[in-house]
Amino acid sequence: MDFSFTEEQSMLRDTIASYLADNYSFDQRRAGLGREPFWRPNVWSAFADELGILGAAFPEAQGGLGGGYTENMVVMEELGKALVVEPYLGTVVIGGGFLKHGASAGAEEMIGQIIAGKAILAFAYAEPQGRYNIRDLKTTARKEGTGYVLNGHKAVVTGAPYATHLIVTARTGGGQREAGGISVFIVPKSAKGVTTRDYPTVDGFRASEVYFENVALGAEARIGGEGEALPLVEKVMDEAIAATCAEACGVLRRLQEGTVEYTKQRKQFGVPISSFQVLQHRMVDMFIQLEQSISMTYMATIRLSDGDAERAKAASAAKVQIGKACKFVGQNAVQLHGGMGVTDEMAIGHYFKRATMIEGLFGSTDHHLARYEVLSLGTAA
Amino acid sequence: MDFSFTEEQSMLRDTIASYLADNYSFDQRRAGLGREPFWRPNVWSAFADELGILGAAFPEAQGGLGGGYTENMVVMEELGKALVVEPYLGTVVIGGGFLKHGASAGAEEMIGQIIAGKAILAFAYAEPQGRYNIRDLKTTARKEGTGYVLNGHKAVVTGAPYATHLIVTARTGGGQREAGGISVFIVPKSAKGVTTRDYPTVDGFRASEVYFENVALGAEARIGGEGEALPLVEKVMDEAIAATCAEACGVLRRLQEGTVEYTKQRKQFGVPISSFQVLQHRMVDMFIQLEQSISMTYMATIRLSDGDAERAKAASAAKVQIGKACKFVGQNAVQLHGGMGVTDEMAIGHYFKRATMIEGLFGSTDHHLARYEVLSLGTAA
Amino acid sequence: MNLDFPPEDTAFRDEVRTFLAENYPRDLREKQERGETLSKEDYLSWHRILAKKGWSAPSWPVELGGTGWTPTQKYIWSEEQARADTLGVLPFGVSMLAPVLYTFGTEEQKQRFLPGIRDGIDWWCQGYSEPGSGSDLASLKTRAERITGDDGKEYYVVNGQKTWTTLGQHADWGFFLVRTDPDAKPQAGISFLLIDMKSPGIAVRRITTLEGGHEVNDVFLDNVKVPVENRIFHENQGWTCAKALLAHERSGIAGVARSKRGLERLRQMASNEMSDDGGTLIQDAFFRRKVAELEIDLTALEFTELRTLAGESSGKGPGPESSILKIKGTEIQQRLQDLALEAAGHYGAPFLGEAGHNSGIGPQHSLDLAGDYFNGRKTSIYGGSNEIQRNIISKMVLGI
Amino acid sequence: MNLDFPPEDTAFRDEVRTFLAENYPRDLREKQERGETLSKEDYLSWHRILAKKGWSAPSWPVELGGTGWTPTQKYIWSEEQARADTLGVLPFGVSMLAPVLYTFGTEEQKQRFLPGIRDGIDWWCQGYSEPGSGSDLASLKTRAERITGDDGKEYYVVNGQKTWTTLGQHADWGFFLVRTDPDAKPQAGISFLLIDMKSPGIAVRRITTLEGGHEVNDVFLDNVKVPVENRIFHENQGWTCAKALLAHERSGIAGVARSKRGLERLRQMASNEMSDDGGTLIQDAFFRRKVAELEIDLTALEFTELRTLAGESSGKGPGPESSILKIKGTEIQQRLQDLALEAAGHYGAPFLGEAGHNSGIGPQHSLDLAGDYFNGRKTSIYGGSNEIQRNIISKMVLGI
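Protein chains in written order, with our numbering: chain A, 1 to 381; chain B, 382 to 762; chain C, 763 to 1162; chain D, 1163 to 1562.
Hints were generated in silico from the structure; no laboratory data involved.
Idealized CB from N, CA, C, for every residue including glycine.
Treat the hints loosely; a few may be bogus.
[What the hints assert, rightly or not] Here are the simulated distance ranges between beta carbons:
{"hint": "1", "chain 1": "A", "residue 1": "Val-271", "chain 2": "B", "residue 2": "Ala-761", "range": "49 to 57 Å"}
{"hint": "2", "chain 1": "A", "residue 1": "Ala-309", "chain 2": "B", "residue 2": "Phe-407", "range": "54 to 62 Å"}
{"hint": "3", "chain 1": "D", "residue 1": "Ser-1433", "chain 2": "A", "residue 2": "Glu-178", "range": "24 to 32 Å"}
{"hint": "4", "chain 1": "B", "residue 1": "Gly-554", "chain 2": "A", "residue 2": "Thr-379", "range": "29 to 37 Å"}
[What the hints assert, rightly or not] Straight-line alpha carbon distances no greater than 27 Å define the calculated BS3-like cross-link-like pairs of lysine-lysine that follow:
{"hint": "5", "chain 1": "D", "residue 1": "Lys-1452", "chain 2": "B", "residue 2": "Lys-705"}
{"hint": "6", "chain 1": "A", "residue 1": "Lys-324", "chain 2": "D", "residue 2": "Lys-1405"}
{"hint": "7", "chain 1": "A", "residue 1": "Lys-235", "chain 2": "A", "residue 2": "Lys-138"}
{"hint": "8", "chain 1": "D", "residue 1": "Lys-1405", "chain 2": "D", "residue 2": "Lys-1422"}
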C-alpha cells in the first residue's frame, strides 16, 4: 500500500506548476479566451516542446516517458488548478487511451504526432437524444467496400474547435441502445463531409456540434474490433473520468483555499468574516469534501488497472464523490465570497463554473450512482 | 382564507393543555408507563368525563360536540406536547373515522361508547409481510352463512393492549395486493379466536401482535361495503396521518423550544452554548422545520374535506415534511443536549424517540413520496 | 380554518387575469422568450400601462395612488403575474424608496417624486452597499459634507463609492445612504439622500456577473453636489429610513408564485428531455423524486407565507419570521435552477447568449440555463445573506 | 501508487483470520447473537485469550508487551476483528491509560499497573467528564487536596463528581483528572490520579441511556483518600497527560472495518425484507440508492484513512486531520443505524430487549435496531463532539 509519488512524478508536477504559474495566470487566461482562436496554441507547443509533458503517459516504446495513469493524474490536477482549457484530456487521456488500448493501423504514428503537439484530438461520443447513455447512438458507419461511410450528429464535442482529429463512436450494427454493434473511428476533422458549429461553453472551453454527412473512411480509421468497441469505450471513459476527478481536485483545492484566504481578509462588523463559526464549519466541510475527493481520485486511478467491473465501479464511485463535492464546494465558495463570488472579475467564479460543468461531465451524479448500483448491488427489480 | 381558530377550538386547546400540565408531567407519565397496566385509564376517564373531549370531533346528532378535523388537530397537538400514550388516535380519529364514514350497523351505539370513554379501539391493518402497503393482506374474512370467519396475523397493532375493539382490514376477495376485495370489520377483542401478544414499543406506547383463528363475525361487524373498503381505508388513514402530523407538531415544538432553553442555560468555556453561532443556526433550521411542519399540518387538515386525490396528495406531502422534520429536529435536539440528550432521565430523549417512531407511522417518508409522485406526476415508466 | 376565497376575491382574480392577457405588450413577451436583454423602455412600457390602470403601486396609500387591495388581493395579484410570466414592476422606486418617501418625506418631497415613481417616468436605483460594507451596512464610508454653495444655497458634497447597484446603468435618480457625521457611532451619522444621476461627478461602471450579464454596477461619486432639500428625514437619522425600507414589502420575498411557474416549466422541460434509458426524464425515478420533493417544499413555503399573510390580515404585521420566507424562497429558486441545468444534460454547457435563439444548437428550453443557475447564486447573498437572516431569526425569534 | 499488500502482510492476515476463527469463545458469540447484556467476565475472557497470544496490546512498545506490528498490520488486525464480529478489547486500560503510563509514569508505576492492563486482570474506567464540563474539559471542578495521613504518608483527598464513566460499574481502577490547584489557570492546576474504585467514599450510580441500557455511570467521590504515589507525572501537570491520551489511538477512530461489516449486515437484511411492492427491499430504487451512497462514502472514508495510515508509515504522525475520520466515521455509523431502522419497518417499534430473541415477534434481524439507533446518537457527541472536531480542523488545519 503506497500513496507516494516517484521522484519523476514529483518533478513532472513541479515542471507544470511552475510553467503555469508564469504563463497561465488568471489575467493571461482571460486574455487568451477573449480573442481568436480562443485558446493558446503556444501553450500547447510549450507542453510539447519546452516541458515535454505530452509524452509523460505514453510507453517509452512509443516515444513517451513510460508513465501512465498516475502521470495523467498529476498533470490533470495541475491543469485544474489553473483552469487550463488546452485539450490534454481529449488528446492525451482520451485520444491516447484509445490508441493505446485499441488496435489500429495508424496508432504509432498518431501517438508520435500527439507527443509532438501536432495532433489534437476531441472525443465525439454524445448525441442530442442520448443523454449520458454512451450506447444510445444514431450515428452510423455503413460498410462500403473495405471502408465505411459515416453519418450523424454529435453533440457538444469539447475541444473540437481546436482539434485536428475526432474520435467518433458510431453504429456499424445493432439497435439504437444495444451494447453490440458499436465501433470507434478516428476521423481527420478536415475530411470531406465533416462540418462543425463552434461555440464557447460556459466555463471558457470551446465545443462544437459536429455533423457527418457521408464521410468516407478507410478501414484503417477504425480503432478496435468492428461492432465490439463498447468495452474499449467504457475503459477509456473510465480513464477520462479518473483524469477529470484529478482535474476537479485541482479546481476544488483552489475553491477551498481561495475561500479560506478571502474570509481571513474580508472584514465585516470590524472582524474578519473567518471569525464567524458558521463560516468556519462550512469551510471545514468544504475541506472534508476536498480530502474525500482526493482519496477517491487516488482510489479510482489505482483501480484503472483492475478488471472491468472493479474499474467501472471505482470510476463511478469517484465521479459521484466528485460531483457532490463540486456542487457543495462550488456553491459555498461563491456564497462565502458574497457579492464578489458572482462577479466575472474574480477567479473564484470561474473555478465555480468549471466545477459545475465537471458535475455533468461523462455522466451526472445520478448517472454514476445508477451505474455503481448495478455493479455493486446487482440489477434492480 | 382563514387560519384562525374558533373560540370553542381555543377553549378546547386550553382545557386539554391545562389538564395535562397538572396531570401529565414527565414524572407522572414515567410512573404510569412503569407499572401495570402501563397506561392510565383514569386519564382516559378524565378525557371522557371531566374534560368531555372525546366527543369534540363527533357530530352533535351522534352525541358529540359537532367538531371535526380541526378539533382532532387541536387535541392531537396538545397530546403530542405531553407525549400522551392514551389512545385518542386509535379510538377517536381512526375508530371514529371508520364509524363516521363507513356504513355499519352498530355505529351509533359504538360512537356513544367512545364518547363515554367505554369503548377503546385499535387499528389492525399492518401485516408482517406487507411493509407500508395497506393492500398487501393475507388476513382473510371468509363468508360463512350471513357472517364471516376471520383468520390472519396483524403486526404491531398500536394500542391493542388497551383496546376493547379492533378495527381489522381483511380480504373477502381478490389477490394479496389487489385493490379490490378488501373489507373492514370491527371485532371485540374478547371474541373467541382472538389472541394477542402484548409488548411495549420504544416510545413508551404499547402494541400487540394480533392473531385471528377462525373468529366468527356477524354481518353487522362489517364497516362499509364488502370488498370495496379500500377507499374508506385510504380516507381514514389520511385522517390519521393529518392527526399524526398535528401530534408531531406538538412533539417538534417541545424539541425545538427545549433545545433553545437548554442551550441558553448550559455553559461551556464560560459562556452559554447558545452563544455559538453554529448552534444558533442549527436551532434556526430546527425552528424553520417546525414552522414548515405546522404549515403542512394545516394544509393537510384543511384538504381532508377535498376529493380523494387532493386529500391523498396533501396527506402524503404533509407526512413527507413531518418525517423529515422529525429526523432533523430530533437528531439535532439530542446533539445539542450533548450527553444529556442520550439519557433516559431527561424528557428530550423521550420526545426524540416519539419523533423517530412518527417518521415511520402510517408509512415512511419514501413511502409517501412515492404515493405523492403518482398523484402529482403520474405513473413512472 | 379554510382556504376558500370569498366570491369577491374570485371575481378580482378573473379581472386581473383578463387584464394581463389583454394588455401585456406582445413585443415584450417575444423579447423575453428570445432571452433578449431588455432595454430601459421595455421595462418602463409595462410599468406605464399599469400606471394608467392604477395598478403600478398597489401597496401605496390610496390617496397617493395605491389600490387599497387586501392582503389576499395582493397575493392574487402576485400569483397572476407569475402565472402570466410578466415582468414585475421594478422595486427600487415603487417598493423600496416610496414607502420611505411617504413615511418620512416632506409634503414637497412627496409631490415632487412620488408621481414620477408611480407613473414609470423616473428610473430609480439604490446606493446602499459599498465595497467594504456588505452585510455590515452601517460601516459605510461614503462621505457627505455640508457646504454653502456660491449661489448661497446649502448643499452636500458627496464622495465615495457604492456597489452592486442593480440596473443603475439606466437610472435617472438614486437614493443613497451617506455618512454626514464621521465621529458619531456607525448608525448615528448616516443620512438618506436623493441624488440626480446626471449630476456632475457621478460615474457608473459596469460589473459583469458570472454569467456574462450586466445587471449590477459600481457607482463612483466624486464631489457630487446635492441640494440639502434632497435629504429625506433629519440629518444623521438616515438609518431610521434604511431600517424602515428593509421592513417593507417583505411579502412576495418568498417568490412562491414565480417558483410555482418555474416548477411548471421544469416539469414541462423534463417531459421533453430524454433519460438515459430512452424514456422521458420526468419518468426517471430519481429526477421525479427531486421534482416531487421540491414541489412539497414549495407547498410548505406557500402555506407558511399564507399563514404570515393571514397574520397580516388580522393585524399582526410580518415579523422577523419573514426571514424564513427569504431563506426558503431563495433555496427553492436555486434548487429549481439546479434541477433545470441538470435536466439539460450536455446542452447545459453551450454559452450562446442571445445568439442561441433558433440557432439549432440544443433545444430552446436549455438556452442559458447555466447562466440562470450562476446568476441565481446571488439570491442567497443579497438583501441580507441567508446567514444574516439566520442571525436575525436566532436573535429576534428564538431570543438568543 | 498502489494498493497491494506485500506477501508477508497477506500471510499475516491469514494467520489472524485463522486465530480468530479457532479461538473466539463460542458462548460469547452466542450471547452476542442473542443480544444479551455481556458480563464483566464475558469481556475479560476474550481479553485474556488475546493476552495469552500476546495480542492484547498491539500498539505498546514491544518490551512492555506490544506486538511491534506495522501500521498495515494493525490495519489488518482491525479489519479482521470486524470481519469476525469479535468484541474489541476495551480501550480504557490498553489504549487510553497505558500510553500515559509508559510515557509519563515512573518505572515502579509501570511495573505495578501495566501487566494487569495487558493481561485483562484489572478493569479500568475513565474519570474525565463532569456534569459542568463536557467539551470544555479543563473547567473540571473535582478537587484533590493534599494531606499527610495518620500513617505519616502523603495522600490526596478527592471530592467531586465525574460522569459518563463508561462501564464504570465493573471497574477495579479508574484514572481521574482532578484539580490540585484551584488558583491556577484552568489547565494548569490539574493532576492525573489513579484511584482504586474500592476506596471508601466512591459511589457509582447507573445512568440509564435512551435505549434502556446501562453503559455509563456517575461516579461520586466523597473524601476519597488516594496515595500520592498514584499520581502520574508532576502535580498540576495532569493536562499534559490528558492531551497525550487524546492524541493516542486516533487510528481506528473511523471505524471503517466495523462499518463495512455493518453495511454487509444491512444489505443482508434488505435482501430479506420486503418492499411495498412485494419485491425485496434491496431492489427498491430508493433504498438501494441510499445503500449505494453510503457505500461510496464509506469507500472515500476508507481511502482517507489509508492515506493517513500511509502518512504514518512514512513517519508523518496522524495530525488533526484525523478529526475528519471521527466526523465522517460517526456520520456513517449513524446513517447505517438509521437505514437499518428504516429497513425494519413496523418491527422497528417493539421494545423487547433480550426477551425478543426467538420470541417470534418480528424477524430476528430487526431486534433492538431502534435501540442501536438511539444509543448511536452518542457517537457524534462523545470524545469531543463533531462540532468540536470541526473547531479543531478550522483552527489546526485551515489556520483560522
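Structure-based check of each hint:
For the hinted restraint 49 to 57 Å between A/Val-271 and B/Ala-761, the CB-CB distance of approximately 52 Å keeps it satisfied. Taking 54 to 62 Å as the suggested C-beta distance range, the pair A/Ala-309 and B/Phe-407 conforms, at roughly 55 Å. At roughly 31 Å, the beta carbons of D/Ser-1433 and A/Glu-178 sit within the given window of 24 to 32 Å. With their beta carbons about 35 Å apart, B/Gly-554 and A/Thr-379 fall inside the hinted range of 29 to 37 Å.
A hinted pair counts as satisfied when its Cα atoms are at most 27 Å apart, and D/Lys-1452 with B/Lys-705 qualifies at roughly 15 Å. Proposed proximity of A/Lys-324 and D/Lys-1405 is contradicted: the alpha carbons are some 36 Å apart, above 27 Å. Of the pairs offered as hints, the one joining A/Lys-235 and A/Lys-138 holds, with about 21 Å between alpha carbons and a cut-off of 27 Å not exceeded. About 30 Å separates the Cα atoms of D/Lys-1405 and D/Lys-1422, which puts this hinted pair outside 27 Å; it is violated.
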